[in-house]
Amino acid sequence: MSNAMLKVKGLKIGATVYPPGEKPHDIEIVHGVDFEVEKGKVLGLIGESGAGKSTIGLAAMAYGRGGVELTGGEVWVNDREILHTTRNDLRSLRGGEVTYVSQSAAASFNPARQIMEQVTEAAIRHGKFSKADAEARGVELFRKLGLPDPENIGKRYPHQVSGGQLQRCMTALALCPEPDLVVFDEPTTALDVTTQIDVLMAIKEAIRDTGVAALYITHDLAVVAQVSDDIMVLKMGEMVEYGSVDQIINSPKEDYTKALVSVRSIDHEEKVSSDEAVLKVENVTARYKGTKFDVLKDINVELHAGQTLAVVGESGSGKSTLARVITGLLPQKDGNVHFAGRDLKPVMKTRPKEDLRELQMIYQMADTAMNPRQTVGTIIGRPLEFYFGLRGAEKQKRIQELLDEIELGEGFQDRYPAELSGGQKQRVCIARALAAKPKLIICDEVTSALDPLVADGILKLLLDLQKREDVAYLFITHDLATVRAIADSIAVMYQGEVVRYGPKSQVLSPPFDDYTDLLLSSVPEMKLGWLEEVIANRKMESGGN
Amino acid sequence: MIKNIPLSAKLGLFITITYFLTAIFASFIAPYGMAEIVGDVWEPSSGKHLLGTDNIGRDLLTRMIYGGQTTIFIATAGTILSFVTGSTLGFLAATLGGWADQLLSRFVDLIMAIPSLIMALVILAMVPVTVPVLILVMGLLDATRVFRLARSVAVDINVMDYVEAARLRGEGGAWVIFREILPNALSPLVAELGLRFIFMVLFISTLSFLGLGVQPPLADWGGIVKENKDGIVYGIGAALYPAVAIATLAISVNLVADWVLNRTTSLKGGRG
Amino acid sequence: MHPIIKLVAQRLSLGILLLFAASAMIFGLTEALPGDAAQAVLGQAATPESLANLREEMGLNEPAVSRYFDWLGGIMTGDLGTSIVNRLDIAESVGKRLGNTLFLAFWAAVVSVPLAIFLGLLAVRYRDRWPDKLISAITLTTISIPEFLIGYVLVYFLAVKLGFGTALAMVNDSMSLWQKLNAITLPVLVLTLVVLAHMMRMTRAAILNVMQSAYIETAELKGLSTFNVIAKHAFPNAVSPIVNVVMLNLAYLVVGVVVVEVVFVYPGMGQFLVDAVTKRDVPVVLACGIIFAAIYIGLNMLADIISILANPRLRHPK
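Chains as they are written, first to last, in the numbering used here: chain A, 466 to 1010; chain B, 177 to 448; chain C, 13 to 330.
All clues stand as given, with none of them false.
Below are the DSS-like pairs computed for lysine-lysine, each with C-alpha atoms no more than 30 Å apart in a straight line:
no. : chain 1 : residue 1 : chain 2 : residue 2
1   : A       : Lys754    : C       : Lys18
2   : A       : Lys620    : C       : Lys244
3   : C       : Lys145    : B       : Lys186
4   : C       : Lys18     : A       : Lys757
5   : A       : Lys620    : C       : Lys18
Pairwise CB distance ranges, derived in the manner of DEER restraints:
no. : chain 1 : residue 1 : chain 2 : residue 2 : range
6   : A       : Lys620    : C       : Asn240    : 17 to 25 Å
7   : B       : Ser328    : C       : Val122    : 31 to 39 Å
8   : A       : Gly515    : C       : Tyr138    : 26 to 34 Å
9   : C       : Ala149    : B       : Lys224    : 35 to 43 Å
These aren't lab readings, by the way, just hints derived from the structure by calculation. Note that the Cβ used here is the ideal one computed from N, Cα and C, for glycine as well.
Let's have the full structure, built from the sequences with the hints guiding it.
Here it is in structure tokens:
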């Protein structure tokens, strides 16, 4: 008998799909995977969207979400097969032997009940602890996970604590019944970077202290490298590579794994800043209508022609508001915006067409940035028509040129956005912006909704285009790896202010101010032992935990 | 195209079209004149009178056909009125925003705070009950519901990035409303069109039944019930034919509306 | 002050404001539309002199605003004016009829509310299987037929063919409760069928919405029994939408009563209103209109207040 507490053999998972206009039919989404988790070990499941990693994680609890069905293979927990066991046995397994931490704790906690009730519920129901003992254990876990006021936080309701805190409460919920295995399903993905690192550390310590085994599911290899013993790389429902963390990170065998490891390592040499500024933001202050609080405070930044200024910050830092001021959607309260040698009028509606044309925008969600009722041809063709009066064959030719530029080729003109993949959609949005022949494109988190490899492709494309078209980017992002890859100069924003600004090399080298230090150090690195190192060297506590 | 329509929607479409054709060609199809007395009171069905005769000896099939014409005509006219007014004002409120939106929305809230049947009764107590008045009253009262739907749909679309992108491009209001918002708002509105039409049929029938709708000798489905209701206690089912007519029409339109809604919601995630 | 008290107070004052606005609108409508009460009473044959006399007598020559406030003041003190057709005090005629109407609506609610919730739960339990489809097909049919026709269909098949219940629902003071209940069997059945469909569909949607939440999955992954998942996790969150559904449908019931009363010649407010409209008895129409509107607005307000009270985010603010 092996030491494995979870053993998965030839697991196959199917789902029923309902394509519109066609008969519903079954497809297979996981095509037979095998793995084992030993007592006290952590296995990382990594892959891009559609890899089937969450589905496999839930299979450890014999649970299929939505229309998902576990169609074949075996899953053994504590030496019994659970795919064909009784309902009662499943009940004692779920929440007793195996527990689950989901990506969105905010949705996974019942809004109508106190946190402690929910944390202790499984332990009490499964007869593992008395109510008093379970609550004592809950408090102990809250303390271990670094939650403030551990004695009383359980009396609160889920909406009364922050997102990072709730994610820790969810971990407490999973650990409370002393399970043998915990399934962590992207537990830190929805959090800000500086919060993520604390939650990650808390989870890691809790796993170590309780000696529980874990499946850790994520799309971020750098994150999983910090907490796992072994890693399994998945792609389209199939295993690509399976090995120890050290082997996967430092000597990956498969090309796909190599690509994942080297993701975000685009090398971009900073351009020498020229004298000619295409965009100059001077002393800009802004607030939203009906509020008494400035979301932007005295912002001063400059962007040179054909270069990239990255504006970095966490949610609520004001970085997207800056974009709204520059585009004229939110007229500033004070200050000026100069663009291409002229003053931009604060209100978008009063700006001349030429200003609108030369200043384009690309959005985070390509899905909602394109009218679902228009074809790719119409979407790209409209700016050509609108700004340059192109018609007929001339317009068609230009559309095709643009499609070639974004590497989409023939046959895309007549497709609808719903027929494109996430990366293709974002490329079409880039083509639409390019069609206007702009001097400046504002890119608002354009890669954050995409899988890492796809995001890399988009970043490379943007860099190529910059070389060819000499267009400047104002690149808004929360992700410092993206910044390293693309920026020439950087502005770090925190609570409505620019706390650090300058050429990339200067901003990213010491001495740092406390916030930039925190932000920089929080970006997971593809390196073993990085997490402990960072926590040990930190100067400032993250605010949003 | 036709191949992809599910059976239920095909059936609904077929019955709906049949009803409308019957209404349009009523005078050619009906075997007798609308107000013509052709037999005894409440004759049972026979070869001469397929559905029998009514409370004063008119052919019931003829009355049903002409009644359908009146009912469907009034319901259609009312629906068009309510849609044109409701969706125009709804889109305007959504795209204009500000005080215009507030004014319209609060006014609609006020009208909807009173049940529409009660509102209609109060109004009909004051004005002469004629067909144009009925269409006007029902159409405008119902426009409040269309307004709410159109406004909320348009508000949802109005905040989408692609609408913002069009505005940032410098597009005018007409392009934004007709090319960006309308194509995406159309499907929920079309589905609602069916529901509003059914509601109109029920509404006018109810008013006629209460004696406050279509006035005799004009036939309509609600009026036929009113005329023949006394027969029921004698076991004469003449008053129940309109129930069958209204129910089949309403269900058919519902089936079509359901299909339209399903087809268009799946568009978002699937192939166009 | 606890924010929830503030919210409830806001909603209450909004309801009262709405009620005043509605009364002004109803009154304003009778002013703005062509013809007035005097014209309505005397009809086409009226001579200018008789019209003028009657207007004087009815106080129609006063400015509209002062008449509105007289009328409103009257309503506040229980004086609804007098009928212009039979010169009877409206408050007196309305009193007993309102009682009858509420009696009918009450029993319809007693039958339909538990039934609707039960069927809603059943439909959710067997979602997309035959019980759900059957319930949905039947409710679709009853939604598609006007109330009065459902009434006659039931009278025809139950009362006339099978001898169950009575075609006319006459009630008076001398009847015992049992006799009264017996008399209103069919109207209650009709009203039940009418609101049941809406209520059941909305209940089903509300429960499904809750059952699809991530926290229900969390509860299932805790290995709780189906009963515990529903009782401890779904129920507390479903109460508010269901109560809301019930309230909205009770409001709907109040309107459905109008037509059903006419079908069964039941001596309630609805029939009173319809008679008054036919006879163009404006004061009675106004009085009945405002009472129906008040009940409707009141129930809607109650629905909102209950959802405010049941919302954990509002009950336990940050």
